[in-house]
Amino acid sequence: MVLVELRDISLTYHSRDGETEAIKDVNFGIDEKEFVAIVGPSGSGKTTLLKIMAGLIAPSGGDIIKTEAAKIAYMPQRDGLFEWRSIAKNVLLQPEIAGANLKEARQYADELLEKYGLREFRKKRPSELSGGMRQRAALIRTLVSKPNLMLLDEPFSALDFQTRLYVCDDVLRIIKAEEKTAVLVTHDINEAVSMADRVIVLSSRPATVKSVYSIGLDKNLTPLKRRELKNFPTYFKNIWMDMEAPNE
Amino acid sequence: MSEEHKHYLKKQRIRKTVIRIVQIGILIVFFGLWELSAALEWADPFITSSPSRVVKSIASLYESGELFVHTGATLWETVVSFLISTALGTLIAVALWWNKFLSDALEPYLIVLNSLPKIALGPLIIIWVGAGKGAIITMALMICLIITVISALQGFQSVDRDKIDLLRSMGAGKGKIFIKLVFPANIPNILSILKINVGLSWVGTIMGEYLVSREGLGYLLVYGGQVFKLDLVMASTLILCVMATAMYLVVALLEKIAEKFF
Numbered sequence: 000m001v002l003v004e005l006r007d008i009s010l011t012y013h014s015r016d017g018e019t020e021a022i023k024d025v026n027f028g029i030d031e032k033e034f035v036a037i038v039g040p041s042g043s044g045k046t047t048l049l050k051i052m053a054g055l056i057a058p059s060g061g062d063i064i065k066t067e068a069a070k071i072a073y074m075p076q077r078d079g080l081f082e083w084r085s086i087a088k089n090v091l092l093q094p095e096i097a098g099a100n101l102k103e104a105r106q107y108a109d110e111l112l113e114k115y116g117l118r119e120f121r122k123k124r125p126s127e128l129s130g131g132m133r134q135r136a137a138l139i140r141t142l143v144s145k146p147n148l149m150l151l152d153e154p155f156s157a158l159d160f161q162t163r164l165y166v167c168d169d170v171l172r173i174i175k176a177e178e179k180t181a182v183l184v185t186h187d188i189n190e191a192v193s194m195a196d197r198v199i200v201l202s203s204r205p206a207t208v209k210s211v212y213s214i215g216l217d218k219n220l221t222p223l224k225r226r227e228l229k230n231f232p233t234y235f236k237n238i239w240m241d242m243e244a245p246n247e
Numbered sequence: 000m001s002e003e004h005k006h007y008l009k010k011q012r013i014r015k016t017v018i019r020i021v022q023i024g025i026l027i028v029f030f031g032l033w034e035l036s037a038a039l040e041w042a043d044p045f046i047t048s049s050p051s052r053v054v055k056s057i058a059s060l061y062e063s064g065e066l067f068v069h070t071g072a073t074l075w076e077t078v079v080s081f082l083i084s085t086a087l088g089t090l091i092a093v094a095l096w097w098n099k100f101l102s103d104a105l106e107p108y109l110i111v112l113n114s115l116p117k118i119a120l121g122p123l124i125i126i127w128v129g130a131g132k133g134a135i136i137t138m139a140l141m142i143c144l145i146i147t148v149i150s151a152l153q154g155f156q157s158v159d160r161d162k163i164d165l166l167r168s169m170g171a172g173k174g175k176i177f178i179k180l181v182f183p184a185n186i187p188n189i190l191s192i193l194k195i196n197v198g199l200s201w202v203g204t205i206m207g208e209y210l211v212s213r214e215g216l217g218y219l220l221v222y223g224g225q226v227f228k229l230d231l232v233m234a235s236t237l238i239l240c241v242m243a244t245a246m247y248l249v250v251a252l253l254e255k256i257a258e259k260f261f
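Line by line, the protein sequences give chains A and B. Going by numbering that gives the first Met the number 0, the first sequence opens with residue 0, and the numbers climb by one from there. Going by numbering that gives the first Met the number 0, the second sequence opens with residue 0, and the numbers climb by one from there.
You may find that some hints are simply not true.
[Said to hold, decoys possible] One side only, chain A facing chain B, incomplete, derived with CB under 10 Å:
hint : residue
1    : K32
2    : K50
3    : G54
4    : A57
5    : A69
6    : I71
7    : A97
8    : D152
9    : F231
[Stated by the list, open to error] Over the 10 Å line for every Cβ pair with chain A, so calculated as not near, a few chain B residues:
hint : residue
10   : S36
11   : S51
12   : I83
13   : L87
14   : I91
15   : A94
16   : N113
17   : I118
18   : S168
19   : A171
20   : L190
21   : L229
22   : V249
Don't read these hints as lab results, they were simulated from the structure. Source: prediction; values computed, not measured. All C-beta atoms, glycine included, are put in the ideal place defined by N, C-alpha and C.
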């Protein structure tokens, strides 16, 4: 089932220096429980596209068709945890803002914190946690609203390489365990190929969909293990060449 | 604990004690030399006064009951103008943060008002507000208010865009973004504004008292200068030092407490 579909999405920025066509005629759909990665050269408007999907930016043209069941949660670059709130309070941000039943939300949040090993850090401030744990807390904050589509904007870009590999495994495990649909934006091809079911390659500005790859790597393996598979480099090479090739 | 660490801790302790001794030493030497120079007439005590004369002056102020009238008046004016300017300044900054059009439109006026030496408004204030406590508080307000607005607004506007987007994606409107994010993120900034305002409201109050007053430390200073009672001038200055420092320490303490939470 298609959860969200983008039809002919385009975006033009206007500033005093003129107008910039950032996104042009982008079309794709996201299936339920699919993990889609969007890659593209830096400055290609990946993040902008994600923000359009999150409803933060209105596109200049085109439509976003959402099924009624679609409930979207957005996770920004860096974890965006509030330093003046404890972890337990950070993950309750969404229900607080939505004016939801806090007792229920707290119960669910506690369940998630327990399940993903953050229970003993409930009372801690974000600065007392390691980068990987902060990212996990941010992911739980996104899960608390019970979304079925999670939009992840380069969630690993602020982490060092080693933590990054570990957090990739962690995030994918949690998303799969919670049976969520996810869209991940990244500039790291390895990350995209190792995590996603499908990779959408954007061209440089104005961004259009250049190619789409269905990743046929063993889904039972962790992203780290998938990197060792024989056909992993082939995906990498093809995507890399797509990104390098000039726009038609 | 290793020997090395013990040694390190001891060194730190000694350093701290020495610093404290030097600090107190400076005070003693300063007042000692001052007293000595007056006693031995190196300088004319009529012009420079002396610690003992200052103490006598304070004692006589106390006996006549004037001491608390003057310190009370100045303290009241300072605290009132400090509170009003901080609250009003923050409120105006909130309004300007809320409405980007308004803040863009008013920007040049804020710059002009900030650049203007507020003391120039003295004659106007006296005529408009009347020569009394109102004028003094208005003067102090003028001095603190604009800088509060500018610094608070700057703080509000520099909140992480990513975090604002996060809240927007959760469906938060401007009000919730302010309450949940912008305000708590700015508590440290507001506290540092408080610290600046403590100093500025003293400046404003004393300046206001120079212009119009029948009581207060600023009045004592002007009066003392006019009748050449330098003992009184020095006494008022010292009292002012103590009071201003005390108020600063109170705010600094508040900041320390708040730092634990933000």
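Given hint K50 (chain A) near chain B, where the shortest CB pair must fall under 10 Å: This hint holds: K50 (chain A) lies near chain B, its Cβ roughly 7 Å from the closest one there, short of 10 Å.
Exercise. In terms of Cβ atoms, is chain A entirely out of 10 Å range of V249 (chain B)?
Worked result: 23 Å, holds
Verify this label for me: I91 (chain B) is non-interface relative to chain A, using a Cβ-Cβ cutoff of 10 Å. 24 Å, holds
*asked:* Verify this label for me: A94 (chain B) is non-interface relative to chain A, using a Cβ-Cβ cutoff of 10 Å.
replied: 23 Å, holds
- Task: Run the C-beta distances from L190 (chain B) to all of chain A and say if the shortest one exceeds 10 Å.
- Result: 13 Å, holds
Hold the hint about G54 (chain A) up to the distance rule: shortest CB distance to chain B must be less than 10 Å.
7 Å, holds
request  = Under 10 Å, Cβ to Cβ, is where D152 (chain A) needs to be relative to chain B, so tell me if that hint holds or is violated.
outcome  = 9 Å, holds
Handout entry: Status of I118 (chain B), Cβ more than 10 Å from any chain A Cβ
Key = I118 (chain B) clear of chain A: closest Cβ-Cβ about 39 Å, beyond 10 Å.
Worksheet item: Once the shortest beta carbon distance from A57 (chain A) to chain B is found, is it less than 10 Å?
Response: Not OK, violated: A57 (chain A) not within 10 Å of chain B, min 12 Å.
_A closest beta-carbon separation below 10 Å is what the hint needs, so does A97 (chain A) meet it against chain B?_
6 Å, holds
Quiz item: Is the Cβ of N113 (chain B) more than 10 Å away from each Cβ in chain A?
Solution: It holds; N113 (chain B) is separated from chain A by about 27 Å at its closest Cβ, greater than 10 Å.
Interface-negative label, A171 (chain B) against chain A, beta-carbon threshold 10 Å: 5 Å, violated
Checked against the numbered hints above, the structure violates hints 1, 4, 5, 9, 18 and 19; every other hint is satisfied.
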